[in-house]
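Asker: As they're listed, the protein sequences go chains A and B.
Residues 0 to 529, numbered by numbering that gives the first Met the number 0, are exactly what the first sequence covers, in order.
Residues 0 to 1059, numbered by numbering that gives the first Met the number 0, are exactly what the second sequence covers, in order.
Among the clues, some could well be false.
Lysine-lysine pairs mimicking DSS-like chemistry, simulated, CA-CA at most 30 Å apart [to be verified]:
(1) Lys601/B x Lys731/B
(2) Lys125/B x Lys731/B
(3) Lys545/B x Lys21/A
(4) Lys390/B x Lys21/A
(5) Lys570/B x Lys390/B
(6) Lys130/A x Lys21/A
Anything over 10 Å on all C-beta distances counts as not near chain B; from chain A, calculated [claimed, not checked]:
(7) Pro27
(8) Phe36
(9) Thr169
(10) Thr448
(11) Gly481
Note that these hints are calculated values from the structure, not bench results.
Just so it is clear, CB atoms sit at the ideal spot from N, CA and C, and this is done for glycine as well.
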Amino acid sequence: MKKLYISILCLTLCLIHTSCEKQLDLGPVGQLSEDSFYNNERDFEAGTYGVYSALLSLMWNDQWLNAEYRPDDDIIPPNNSADTNEDFDWTPTNDGSIAFLWNACYMGIARANVVLDRLPTAAGFADETQKPRFEGEAKFLRAYFHFLLAVHYGTPPVVDRVINGPVEATKLPNSDPGQIWDLIISDLSDAQSMLPESQGDDLGRANSNTATALLGKVFLYRAQWDNNAAYYQNAKTELSKVVGKYTLAENYGDNFSATAENNPESVFEVQFIWGTGDNTWLPTDFGLSEDQNVGSGASQRSVHFRPGCFNGVCAPGANDSGYGNTHITAPLQGEYEAGDPRRVESIYLNGDEYVHSGGETTFNSAWSVSGSTPAKYIKHDDPNMPPGRPNATLNNERVIRYADVLLMLAEAKLLGDNDVSGAAEHINEIRHRADPTDAILVPRSAGATKQQMWAFLMHERRVELAIEGHRYHDLVRWHRAGLINIKTDINFGRGPANANWSDKNLIRPIPQGELDVNSNLKQNDPYVGG
Amino acid sequence: MKIFLLLTICSLSVVIGIAQQRNVTGRVTDSSDDSPLPGVSVLLKGTSTGTTTDGNGNYTLAVGESAVLVFSFIGFETQEIVVGTRSTVDLAMNGSISQLSEVVVIGYGEKSRAMLTESIGTIDSKAITQMPVATPEAALQGRISGVQITSVDGTPGSPVAVRIRGVGTVGNTAPLYVIDGVPVMTSLVNGNFDTSPNASILSTLNPSDIESMSVLKDASAAAVYGVRAANGVVLITTKRGKTGVPKVAFDTYFGVQNFPKLPKWTNTGQYVALTEEANANYNSYRSLNPGDAGYLTMHPDLQPGSPYLNVNTDWQDAATVSNAPIFNSNLSVSGGTEATNYFISLGYFDQEALIPNWDMSRYTFRANSDYKVGKRFKFGQTFTLSYQDTKRGSNNQGDGFIFSSIANMPPFMSIYDDPNNPIPGNRYGFNGNLDVAGLTMQNQYGVNTIVDNHDRYYRLLGGIYAELEILKGLRFRSAANLDFSYSNNTGWNPGYTAPEMGIARPQAYNVTRGEAYTQVFTNTLTYTNNFGDHNLNVLAGFEFQKLRGSELGGGGEDFLSTDPDYYTSVKNAGTLRPVYSSVSNNAFAGYIGRVSYDYKTKYLLTVSVRRDGTAQFAEANRWGTFPSVSAAWRISQEPFFSDVTLVSDLKLRASWGQLGNSQTFPFPHLSRFSATPDYGVGNTGAQAPAPVNYVNPSIQWETVETLDFGFDLSLFENKVSLLATYYDRRTKDFLFSLPIPAVAGFTRMPVNAGEVSNRGIELELGYNTTFGNDVTFNITGNFTTVRNRLESLAEGIEEFSSGDYRTAVGYPIGYFYGYQMTGVYQTPADATAALPDDFAGATNRPGAGDAIFQDNNGPASDDAPAGQQFSNAPDGRITPEDRTFLGKTIPGYFYGLSINAGYKGFDLSILFQGVGDVQIYNAFRRDGESLVGLGRNNLSTSQNRWTDDNPTNDMPRAIASDPYQNGRFSSRWIEDGDFLRLRNIQIGYTLPSLLLEKTKAITRARVYVAGSNLFKITNYSGLDPEVMTFGTSSTHVQANTDQANIPQPRIIQAGIQLEF
């Protein structure tokens, strides 16, 4: 009897332990793993959207506006206290947007690199010829993120491969001079040749023209950053390829309208959408790395652009759908030619029609510290956001539009070839679209001097592209190329900003937190021993 | 001492001298199974003459006439036998439940304290229920050496940080909890790895149901828990019935709770004066004149004549609840026969928090029983069901910053509307203070009051076991246990407008339901036998545990009715919110082996090993073997020691072993992709999977190696006891989510890196005596030192910082890292001569009244060795490299002192507890001494700020926007956190039994009054020096940051305990 007990016992134990050891073979549930993903067309299509979605994280809130829009002579902050960002009081630690932009761009780059890494070995493609399309998209996005890093931080690390494994692998040094531009240019050249000319109904995805337009922009920037006029020719070549591929929208305002997204003028725009989390105060993939994606916010641009209260006078929706964080400087208000139809589409002045969630009223200059707030993106936004989301908007971010391409082409022609009439032609296209009568915005004369045409061009860029995030980058590259002197030529509309601006503000500091964990990374020169 | 010895010897001689001697022999057995009991003490009553039983339970003793033998053995009821004329006295001793504290519950078994070779601390049910706390681990505070307990905040059921022998890892440092043999989950919501749980995992347990808690501190004790034991193991054993007639016990208490301390704030007048000063200082700093852009003027609302200047709201008063009640009630029935026993209990607990709307209530039911069938087979079960409901105010997690964000509202803002001039649409009567003085602030008090958020947990914890004695001494035990929890967490935000609350929010209802279970299947074989003087206990076993969890949540907005009957059905929402869900799984399997051997109960040896596997690592790294060995020598049992009557017991012990800690993010070796986020493609949402983790394929558990030396000493017939242990705990390859450069696409990666050591001494001293026949007195104290040091990090990494905290080789984990403030520039000339400051920027030079920061370091030169970041010499500039060690977050020592005394029916117990050699970052004061003017209110300590007339060096001047960054993280915010607290004092009276006999029902009745946290001695200026950073109960990397979480309440309580 005892022996029987023991035998049964042994048998049971043996059975238990073999079956239980197998039970340790678990994987993450409710998630895709490297074993089960990146195999076929469908996977890569979705995976490529994953790279695009990094744009949503990048552009969702105030930090994006701080980094890209605000420190310029078009926008000032609402209150009278100091604003380290807009007052050019930049240090490696004092503004969150410095680290925010850095982190968000490298996150996007990492996602692009995963796609590029897996693509060659993916075995499930029914049609192998589909692969270049995904490679082109990933390279386009990798280039775009690197471009943002280059114009903000100068020579940050270049990441052209998946980084994993030991921590040393993550400690990338600053890139060599020119290295980041070389990678951007090579990626965009690849993208240009690999992408189809159209993505069909998949509006928002990059096609070969998108890559070409960005490549032209990159050459123009590099010509000025490196002060090497040879790149103007590359810029002209690439930008010219895009001419005729797009058309200027009939109505200037369509470019910022929630109902006219992806219109024929749009070269590249970021497609805002609600995320799947339930918190509109967080970006669409907030918490992803903690395995809890809780964010559903698309963009908070509207809440930061709409007016709030000033000195006790409140706009409708103040502190709810409008925080009043963004105000238009007097210099920009004064830049518009009298009657320029673009003015009402771009900035609100006293008495303008103002649509808000509660209805319609007229804009009261007392709502603003400068008497004016942005109308761009707001005027044709949907004022009635879903309940609970007064802070967010789905109105897409226009990154490159055809008008910008034409003005960049004008710039390349003017500066590269001294082609004054070629520049005038493109500038006048832009003016004609804004004012088809040509009566208010009289065409620029092809017989102007180069210097006159340069002034016309600077004016045209400023008003056509106001509050779209281009202005400060324009100033910096022109300053670098010796075309202007920011210190003497530019009025930032704010005493501390004018007083503080110095050459060091041509570049952002590298975030201190990044230097703290990467001994191979060096701070940008102007910020070492400030 | 000598006199005592002499007296003893004399009395011995007297006894020997007068008695007529003869020998009595006998055999002592365990009444439960007739097995012989070796080591039983047999004493002649009234003398210290005696012997102990041998390996077969036999003894021989010379006795005189009318001798009475006293048989005592740990874990058994002491019995007195009159010898009479007998020459043979056999005795079957009964296991004693009342002295169970003497039997120590160890992993997969029990041991008498005398025979322990391991380091194990215990507390019994009396000590557990002495403190009026919601969650039982809080009762460990101050009780056991080596165990430091810190409540995350003072709200009911909040998580408790338990640190056993320091902090062994920069990752998860929480111990493993084992309730009646079930290693429990870490989260009640989804069973998953959860570093910042809302509630303690033990908060659903009724402390009154607990018989004892054992804390396994060294590797030898904990090794049988293998890969999860590195941070120590807390074994919780619930009550079981005792043989006898049914006994009904009822106890209840009621108490009131208050803030132990409250800060003071500036009033409206002081606020305006400070703001004016801050503005003026700013204008002059920037050389601005009236009319210049950026020139600061006082907002019209705060200029003379404004009605707001007459408002002086005490927001803090509104945020605090006075005399918040706490109520607890338990009813239990227990009893048994030789063959069966049972314990059944019902419990109800209800505690209001010190801030509104954070209350908790809990119902528990328990039924435990054991059955014997024949001589060889027994089985039994445990079962508990609990329901807990915690309100969560306007945060959904912890109390967070609720108290501070209400208390620091500007005093010129109002909580409620002016009743004479109601704001249209204000449905709650609150005032949104919309654009008062240009400020927009949510009326946090209002929102916290109107929301209705609940965390509800239902938990079923129980199992069955069966035990068969196959051969004499060989037992097979099989146990199957289940821990199942179901959570139903709801949140209702009624919706309000900006005029009501400052910020408009829509109504919204959210519900999250989670279920989690863990199944544990344990099979063990134990063999106990004696071979002459050789006693052997062998354990072999196998355990498998499976964990599964899932969560599903959804919600909606825009309900037609705000009636709860309507909105709790989410489908009624005008707009549905996205549904979300999560699923998790894990499994563990382990082989357990342990041999305990002793020779003549003098030389003790325990060898144990567990081979353990966990599902969460790659297959190649899945299994580990965790060995340990411990030995003890009971010197006092040696013949040469028998003369030393001063020493009643002395044991030397030593142990060594290895343990694992696998608590990390699951599956860190796999590259994983989340199906979210989405991306709009032509305005249609498309799934956009993105990688969620930085992959480290070689990740595995961390290993802790523990070395222990110590002794247990009892003196003067066990009146004085001393336990001393030196421990050296080294964690190798600790798991950590290392901050990495964001260029990798992630900001953290899981690594096994480096080594941490914790070394220290544990002392426990007890004194136990009676004065006369009536007064009993007992005092026990414990003291623990911890020297925590990071010995190494990964190759090439000497340190990493995480915000204001840094972890660096040669320093304790997670120390405070910031600028050293050395004073205040007193004159413009001083300030002009100040060093250039890279942190503030070149355009923000200091002025008179700004803080002086110390120059310690410059950046390392380009040819410095890898990993070196500093020049280690002042460089004439204030740079981020000048940040330095400002304090540590792990106490250098902590201690507890407990006093128990009784006189006739009266009893008194006192518990002190304290920590020392530790610092706190007073972030609450940092917010309250911002000195920038318009904005949140300042603490009244801001009145000591620097001015021309008050040339202090402690606090800088007020200046709007703080251009020089006086408020940067610096030594100004670091304070010593040492404290000594009167944790509890209790005075009780047990009614005389003569009186009770008349009731013919009540057999015992005790009434008591008690006070908790009545006073503390500390130099810390915040609310409570018992601080854990909000949201981090289980890691120590950003510890000791005081955001003014709710402090431990001061409780006055009265209770009654009855038995029938």
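Asker: Are there hints from earlier that the structure breaks, and if so, what are their numbers?
Answerer: Of the numbered hints given earlier, those the structure breaks are 1, 2, 4, 6, 7, 8 and 9, listed in rising order.
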